[in-house]
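S.K.: In order, the protein sequence lines correspond to chains A and B. Numbering follows full-length UniProt numbering, with no gaps: position 361 of the first sequence is 361. Numbering follows full-length UniProt numbering, with no gaps: position 184 of the second sequence is 184.
Please keep in mind that the hints were generated in silico from the structure rather than gathered at the bench. Don't take each hint at face value.
[To be verified] To give an idea of the interface, some chain B residues facing chain A are shown, with a C-beta separation under 7 Å as derived from the structure:
{"no.": "1", "residue": "Asp-101"}
{"no.": "2", "residue": "Ala-287"}
{"no.": "3", "residue": "Phe-413"}
[Said to hold, decoys possible] Here chain B is said to cover these stretches of chain A; the calculated rule only asks that three of the stretch's residues, wherever they fall, bring their Cβ under 8 Å from a Cβ of chain B:
{"no.": "4", "region": "36–45"}
{"no.": "5", "region": "228–240"}
{"no.": "6", "region": "363–371"}
[Unchecked claim] Listed next, the in silico EDC-like pairs over lysine to aspartate or glutamate satisfying Cα-Cα at most 16 Å (straight line):
{"no.": "7", "chain 1": "A", "residue 1": "Lys-201", "chain 2": "B", "residue 2": "Glu-239"}
{"no.": "8", "chain 1": "B", "residue 1": "Lys-91", "chain 2": "A", "residue 2": "Asp-402"}
{"no.": "9", "chain 1": "B", "residue 1": "Lys-201", "chain 2": "A", "residue 2": "Asp-402"}
{"no.": "10", "chain 1": "B", "residue 1": "Lys-369", "chain 2": "A", "residue 2": "Asp-402"}
{"no.": "11", "chain 1": "A", "residue 1": "Lys-91", "chain 2": "B", "residue 2": "Glu-403"}
{"no.": "12", "chain 1": "A", "residue 1": "Lys-369", "chain 2": "B", "residue 2": "Glu-403"}
{"no.": "13", "chain 1": "A", "residue 1": "Lys-202", "chain 2": "B", "residue 2": "Asp-96"}
{"no.": "14", "chain 1": "B", "residue 1": "Lys-201", "chain 2": "A", "residue 2": "Asp-235"}
{"no.": "15", "chain 1": "B", "residue 1": "Lys-407", "chain 2": "A", "residue 2": "Glu-436"}
{"no.": "16", "chain 1": "A", "residue 1": "Lys-161", "chain 2": "B", "residue 2": "Glu-466"}
{"no.": "17", "chain 1": "B", "residue 1": "Lys-201", "chain 2": "A", "residue 2": "Asp-34"}
{"no.": "18", "chain 1": "A", "residue 1": "Lys-91", "chain 2": "B", "residue 2": "Glu-406"}
{"no.": "19", "chain 1": "A", "residue 1": "Lys-265", "chain 2": "A", "residue 2": "Asp-290"}
{"no.": "20", "chain 1": "A", "residue 1": "Lys-91", "chain 2": "B", "residue 2": "Asp-402"}
{"no.": "21", "chain 1": "A", "residue 1": "Lys-202", "chain 2": "B", "residue 2": "Asp-235"}
{"no.": "22", "chain 1": "A", "residue 1": "Lys-424", "chain 2": "A", "residue 2": "Glu-406"}
{"no.": "23", "chain 1": "B", "residue 1": "Lys-202", "chain 2": "A", "residue 2": "Glu-466"}
{"no.": "24", "chain 1": "A", "residue 1": "Lys-81", "chain 2": "B", "residue 2": "Asp-372"}
Cβ coordinates follow ideal geometry from the N, Cα and C atoms, glycine included.
Letter by letter, the chains look like this.
Number of protein chains: 2
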Amino acid sequence: MASSTPSPALSPSHRPKEDSERPPRDIGTLYYTDLLPFTVTAAPETREFLARVADLSIEFIRSTFDRNSKILDFHQPEQLKEVLELDIPAKPLNLDQILVDCKDALKYQVKTGHPRFMNQLSCGTEVVSLAGEWLTAAANTNMFTYEIAPVFILMEQVTMKHMRDVIGYKAGDSILAPGGSVSNLYAALAARHKMFPDYKKKGLLALPGELCMFTSLHSHYSLMGAAAAMGLGTDNLIEVPVDEKGRMIPAELDRLIQDAKSKGKVPFMVCATAGTTVMGAFDPLHAVADVCEKYKLWFHVDAAWGGGVLLSKNQRHKMDGVERSNSITWNPHKLMGVLLQCSTVHFQEDGLLISCNQMCADYLFQQDKPYDVNYDTGDKVIQCGRHNDIFKLWLLWRSKGDEGFEKHIDHLFEMTSYMVMRMKQHPDKYELLNDEPECTNVCFWYVPYRLRSMKPGPDRCKLLGEVQPILKGRMMTAGTLMIGYQPLDHHPNFFRNIISSQAVRREDIDFMLEELDRLGYDL
Amino acid sequence: MASSTPSPALSPSHRPKEDSERPPRDIGTLYYTDLLPFTVTAAPETREFLARVADLSIEFIRSTFDRNSKILDFHQPEQLKEVLELDIPAKPLNLDQILVDCKDALKYQVKTGHPRFMNQLSCGTEVVSLAGEWLTAAANTNMFTYEIAPVFILMEQVTMKHMRDVIGYKAGDSILAPGGSVSNLYAALAARHKMFPDYKKKGLLALPGELCMFTSLHSHYSLMGAAAAMGLGTDNLIEVPVDEKGRMIPAELDRLIQDAKSKGKVPFMVCATAGTTVMGAFDPLHAVADVCEKYKLWFHVDAAWGGGVLLSKNQRHKMDGVERSNSITWNPHKLMGVLLQCSTVHFQEDGLLISCNQMCADYLFQQDKPYDVNYDTGDKVIQCGRHNDIFKLWLLWRSKGDEGFEKHIDHLFEMTSYMVMRMKQHPDKYELLNDEPECTNVCFWYVPYRLRSMKPGPDRCKLLGEVQPILKGRMMTAGTLMIGYQPLDHHPNFFRNIISSQAVRREDIDFMLEELDRLGYDL
Numbered sequence: 001m002a003s004s005t006p007s008p009a010l011s012p013s014h015r016p017k018e019d020s021e022r023p024p025r026d027i028g029t030l031y032y033t034d035l036l037p038f039t040v041t042a043a044p045e046t047r048e049f050l051a052r053v054a055d056l057s058i059e060f061i062r063s064t065f066d067r068n069s070k071i072l073d074f075h076q077p078e079q080l081k082e083v084l085e086l087d088i089p090a091k092p093l094n095l096d097q098i099l100v101d102c103k104d105a106l107k108y109q110v111k112t113g114h115p116r117f118m119n120q121l122s123c124g125t126e127v128v129s130l131a132g133e134w135l136t137a138a139a140n141t142n143m144f145t146y147e148i149a150p151v152f153i154l155m156e157q158v159t160m161k162h163m164r165d166v167i168g169y170k171a172g173d174s175i176l177a178p179g180g181s182v183s184n185l186y187a188a189l190a191a192r193h194k195m196f197p198d199y200k201k202k203g204l205l206a207l208p209g210e211l212c213m214f215t216s217l218h219s220h221y222s223l224m225g226a227a228a229a230m231g232l233g234t235d236n237l238i239e240v241p242v243d244e245k246g247r248m249i250p251a252e253l254d255r256l257i258q259d260a261k262s263k264g265k266v267p268f269m270v271c272a273t274a275g276t277t278v279m280g281a282f283d284p285l286h287a288v289a290d291v292c293e294k295y296k297l298w299f300h301v302d303a304a305w306g307g308g309v310l311l312s313k314n315q316r317h318k319m320d321g322v323e324r325s326n327s328i329t330w331n332p333h334k335l336m337g338v339l340l341q342c343s344t345v346h347f348q349e350d351g352l353l354i355s356c357n358q359m360c361a362d363y364l365f366q367q368d369k370p371y372d373v374n375y376d377t378g379d380k381v382i383q384c385g386r387h388n389d390i391f392k393l394w395l396l397w398r399s400k401g402d403e404g405f406e407k408h409i410d411h412l413f414e415m416t417s418y419m420v421m422r423m424k425q426h427p428d429k430y431e432l433l434n435d436e437p438e439c440t441n442v443c444f445w446y447v448p449y450r451l452r453s454m455k456p457g458p459d460r461c462k463l464l465g466e467v468q469p470i471l472k473g474r475m476m477t478a479g480t481l482m483i484g485y486q487p488l489d490h491h492p493n494f495f496r497n498i499i500s501s502q503a504v505r506r507e508d509i510d511f512m513l514e515e516l517d518r519l520g521y522d523l
Numbered sequence: 001m002a003s004s005t006p007s008p009a010l011s012p013s014h015r016p017k018e019d020s021e022r023p024p025r026d027i028g029t030l031y032y033t034d035l036l037p038f039t040v041t042a043a044p045e046t047r048e049f050l051a052r053v054a055d056l057s058i059e060f061i062r063s064t065f066d067r068n069s070k071i072l073d074f075h076q077p078e079q080l081k082e083v084l085e086l087d088i089p090a091k092p093l094n095l096d097q098i099l100v101d102c103k104d105a106l107k108y109q110v111k112t113g114h115p116r117f118m119n120q121l122s123c124g125t126e127v128v129s130l131a132g133e134w135l136t137a138a139a140n141t142n143m144f145t146y147e148i149a150p151v152f153i154l155m156e157q158v159t160m161k162h163m164r165d166v167i168g169y170k171a172g173d174s175i176l177a178p179g180g181s182v183s184n185l186y187a188a189l190a191a192r193h194k195m196f197p198d199y200k201k202k203g204l205l206a207l208p209g210e211l212c213m214f215t216s217l218h219s220h221y222s223l224m225g226a227a228a229a230m231g232l233g234t235d236n237l238i239e240v241p242v243d244e245k246g247r248m249i250p251a252e253l254d255r256l257i258q259d260a261k262s263k264g265k266v267p268f269m270v271c272a273t274a275g276t277t278v279m280g281a282f283d284p285l286h287a288v289a290d291v292c293e294k295y296k297l298w299f300h301v302d303a304a305w306g307g308g309v310l311l312s313k314n315q316r317h318k319m320d321g322v323e324r325s326n327s328i329t330w331n332p333h334k335l336m337g338v339l340l341q342c343s344t345v346h347f348q349e350d351g352l353l354i355s356c357n358q359m360c361a362d363y364l365f366q367q368d369k370p371y372d373v374n375y376d377t378g379d380k381v382i383q384c385g386r387h388n389d390i391f392k393l394w395l396l397w398r399s400k401g402d403e404g405f406e407k408h409i410d411h412l413f414e415m416t417s418y419m420v421m422r423m424k425q426h427p428d429k430y431e432l433l434n435d436e437p438e439c440t441n442v443c444f445w446y447v448p449y450r451l452r453s454m455k456p457g458p459d460r461c462k463l464l465g466e467v468q469p470i471l472k473g474r475m476m477t478a479g480t481l482m483i484g485y486q487p488l489d490h491h492p493n494f495f496r497n498i499i500s501s502q503a504v505r506r507e508d509i510d511f512m513l514e515e516l517d518r519l520g521y522d523l
């Protein structure tokens with residue numbers, strides 16, 4: 001210390017303990033100005049207000065897991081606008097109204113953690129992860145420097161290293177990004193930078209021609225978004241045909257690379273998908289890696305969805321070859337059940353993320369700081385400020401351990417097998433698009449009574465495609481079930497059921513099958 | 001409803017009320033599997049566990065606002081690794097350990113809401129916004145469709161419309177993005193798309209030459225990041241000189257545009273900054289708008305930092321002319337005190353965001369949904385999944401009203417004036433870089449005793465620059481104060497004090513000045 005004079009701020013005798021321990025005033029009639037920090041003696045009221053919000057949230061969680069509660073109370077947008085008071089007022093509203101606002105928001109919100117919400121790749125609410133997010137909010141910090149997020153920066157390092165170990169990378173670097181699309185963008189930027197390091201500075205002038213990248217026809221649309229944003233143009237994202245299970249065909253990839261080269265294009269990256277969005281297919285990673293090695297292309301794996309299988313001895317063979325990739329996207333907010341948003345991207349080569357994205361802002365990344373500035377992460381990303389997405393993942397992993405996560409993944413696949421088995425018992429009602437799903441996506445058509453005896457053909461096909469959205473509408477109105485649907489290739493609309501919530505039990509699958517029949521039988 | 005059979009799931013008589021109301025078991029010895037949804041009768045334990053995490057967080061908030069508590073307990077990274085147990089275990093840890101993990105994380109975390117934390121553009125912890133974030137975590141949804149986020153999508157619409165009204169846009173569209181850098185990227189992508197609509201598909205082939213954009217020398221480094229990511233190359237981000245207050249010089253902008261054109265480059269966008277990162281300068285928006293009109297260029301305003309001044313009658317004149325812009329970035333997580341992360345970008349022209357970023361993913365944005373799919377937002381962004389960043393903003397605005405936010409902004413500027421006034425009373429100790437700050441950035445050198453009598457010149461200048469980082473190190477060790485520092489142009493390291501926390505009072509500023517002197521006098 002520079003001086004021996006004690007700091008006037010740190011004397012404990014000044015603490016207004018009596019304020020902190022008295023009972024709170026009736027908070028309903030108070031305003032934000034009656035809370036901390038506006039009123040310095042308002043610790044009891046602040047505690048009471050936050051405790052009430054916590055209570056509301058906990059009650060929502062309880063009812064989320066209550067199979068007797070509805071998943072949603074559906075209203076059309078125009079109806080909901082009438083029911084809710086959403087306007088920004090000129091004058092402050094009291095805390096009573098703020099608590100009513102909180103209640104109303106939850107009342108009309110969809111319970112994405114409900115055991116019968118099977119609508120998205122991110123279903124479920126993990127309570128420990130939720131606890132992590134509450135604490136993250138209280139800590140309210142930014143992940144760009146060790147200076148203001150020391151604990152969370154170290155957690156990131158430890159957790160990302162653990163994930164790279166699971167992947168099979170010997171070294172490398174990783175970062176958390178706001179969603180899998182941005183993670184995939186980071187991979188594409190690094191791939192371009194690796195092949196054309198002058199590009200960052202010079203742009204087009206550094207290029208020998210039109211760059212192009214390859215991905216499967218069933219890959220996620222974020223690759224196309226990256227092609228547009230990066231300036232390649234979507235024409236330069238070349239889509240590789242897939243087999244009947246939705247997996248990229250490596251021979252087609254080889255052919256398309258040769259084709260692009262013969263047209264003077266410059267291939268630089270191939271993206272294989274591990275768990276496609278709709279069918280849940282895993283591209284054959286070893287075969288794709290072979291093609292990448294042959295043509296010296298960057299090999300990225302988009303395992304935003306399927307990455308979780310790496311945690312299970314029973315399932316991880318589906319990603320054999322991932323250790324040969326240059327980069328991988330893996331979203332813990334999907335199969336691993338971490339709260340939204342938690343996406344990671346990992347690189348086999350250390351140092352690339354920073355050399356690609358570094359802009360050396362003096363005001364944040366001073367080199368003469370009083371600690372080792374290699375711990376600062378902000379210059380590795382295009383984001384600058386970055387939300388703390390690590391604590392909710394780290395805390396959940398601490399509570400489950402690797403073993404718990406293995407059980408977690410195995411449970412999801414067991415439930416999926418059970419669903420497929422049950423559907424196969426009633427082939428008249430449930431037509432599977434793929435009777436051996438590779439991930440927890442179960443794609444099927446519900447067949448209403450009148451179509452069961454109809455001859456297969458274009459007419460029946462068209463009708464089937466029209467029925468599914470109507471059935472979806474009935475589910476939402478009933479509030480008992482949520483399953484997503486979409487068309488794909490030549491297939492008309494079908495349901496894609498996702499099991500990514502730990503809440504799902506056999507009884508929920510039995511319920512789901514009965515409920516489809518109850519709601520859709522007469523369509 | 002399709003059928004008159006009641007759903008078996010919705011009968012209230014099945015609810016296990018007795019479980020919900022019994023006292024919880026001792027949760028310390030339990031594991032995650034003893035909580036919901038793993039144990040279906042575990043509502044009491046789940047409630048107890050979450051309540052304890054809420055209590056820990058609330059206690060952290062209380063101590064954050066306690067001026068007798070330290071801002072941080074600084075440890076070097078290697079020390080902190082020894083103190084904390086960060087490893088991912090093979091086997092599950094019990095809830096007692098999970099709660100210890102939470103305590104430890106908060107113990108070593110920097111209190112960014114402390115009244116004497118003046119280190120970043122985002123300081124302070126707004127309790128109502130924190131409440132919003134807790135509820136957001138419980139709701140755990142994704143903002144891409146109305147289907148699964150109906151309430152929050154409508155809140156976004158209402159709040160974004162309100163912000164566009166404040167800006168002075170007659171119509172338009174807006175989106176929330178993960179930070180100002182991504183918001184600026186959205187603006188640049190839209191600007192490019194507007195001028196070259198074929199570019200999205202064709203890439204380079206659609207361009208008449210090398211695109212370039214313009215921003216001030218003091219603008220945020222995210223513009224350079226955007227130039228690299230988008231494929232322009234950082235050489236094609238042309239930096240416009242600034243005046244002594246850090247404001248872009250419009251005549252220089254005009255000259256540099258002509259210069260770029262004469263070299264065959266294709267200017268497409270100018271970014272003016274409203275509140276530069278270091279000095280807090282506001283570029284002259286009308287004059288920049290005139291230049292943009294003259295050359296038919298997209299006019300973007302990066303008001304990530306300064307945007308909040310629009311809420312104050314006393315301050316908004318600094319952004320006169322903003323209504324002439326094509327787009328504006330404005331981060332409520334900065335001057336407005338919303339929890340991290342909350343950034344918005346607004347467009348004067350409606351429809352551009354979607355035509356620029358739309359990739360039409362069938363699995364999410366089906367056109368035959370049972371509601372008006374214009375409410376779905378996911379196809380407007382490059383993110384796909386998007387965290388719910390609206391509730392914490394909307395709820396805070398409801399609690400403050402426009403009037404409360406005006407007071408909020410005015411308070412920050414009053415505190416800034418007070419700080420500058422107090423520093424001017426001691427010119428020997430505090431040398432201001434700019435004695436009339438335009439925003440709440442106060443840039444200054446602390447002058448230790450031995451330098452006070454030294455002649456101005458390169459030697460003193462060099463010493464001053466060396467002293468500030470050492471003083472920063474002492475602040476962190478003492479834990480009593482946090483202020484950022486950096487060099488800028490030819491200026492050696494100086495402090496940039498930010499007032500963006502509602503907790504700051506005159507006594508904190510008095511304390512800060514004394515503490516600098518206490519810690520730095522002998523340097």
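S.K.: Against this structure, judge whether each hint is valid.
M.R.: Here is what the structure says about each hint:
1. Asp-101: holds (6 Å)
2. Ala-287: Nearest chain A Cβ about 26 Å off; hint violated.
3. Phe-413: violated (17 Å)
4. 36–45: Since 5 is at least three, the answer is holds.
5. 228–240: holds (count 9)
6. 363–371: holds (count 7)
7. Lys-201(A) with Glu-239(B): Between Lys-201(A) and Glu-239(B) the Cα gap is close to 14 Å, so the pair holds against 16 Å.
8. Lys-91(B) with Asp-402(A): Judged against 16 Å, a Cα distance of about 6 Å means the pair holds.
9. Lys-201(B) with Asp-402(A): It is violated: about 44 Å lies between the C-alpha atoms, which goes past 16 Å.
10. Lys-369(B) with Asp-402(A): Between Lys-369(B) and Asp-402(A) the Cα gap is close to 40 Å, so the pair fails against 16 Å, i.e. violated.
11. Lys-91(A) with Glu-403(B): holds (6 Å)
12. Lys-369(A) with Glu-403(B): Outside the cut-off at roughly 41 Å; violated.
13. Lys-202(A) with Asp-96(B): Judged against 16 Å, a Cα distance of about 55 Å means the pair is violated.
14. Lys-201(B) with Asp-235(A): holds (5 Å)
15. Lys-407(B) with Glu-436(A): violated (62 Å)
16. Lys-161(A) with Glu-466(B): violated (36 Å)
17. Lys-201(B) with Asp-34(A): violated (55 Å)
18. Lys-91(A) with Glu-406(B): Cα-Cα ~10 Å, so holds.
19. Lys-265(A) with Asp-290(A): violated (21 Å)
20. Lys-91(A) with Asp-402(B): Given that 16 Å is the threshold and the Cα spacing comes to 6 Å, the pair holds.
21. Lys-202(A) with Asp-235(B): holds (6 Å)
22. Lys-424(A) with Glu-406(A): violated (27 Å)
23. Lys-202(B) with Glu-466(A): violated (35 Å)
24. Lys-81(A) with Asp-372(B): holds (14 Å)
Going down the numbered hints, you'll see the structure goes against 2, 3, 9, 10, 12, 13, 15, 16, 17, 19, 22, 23, while the others check out.
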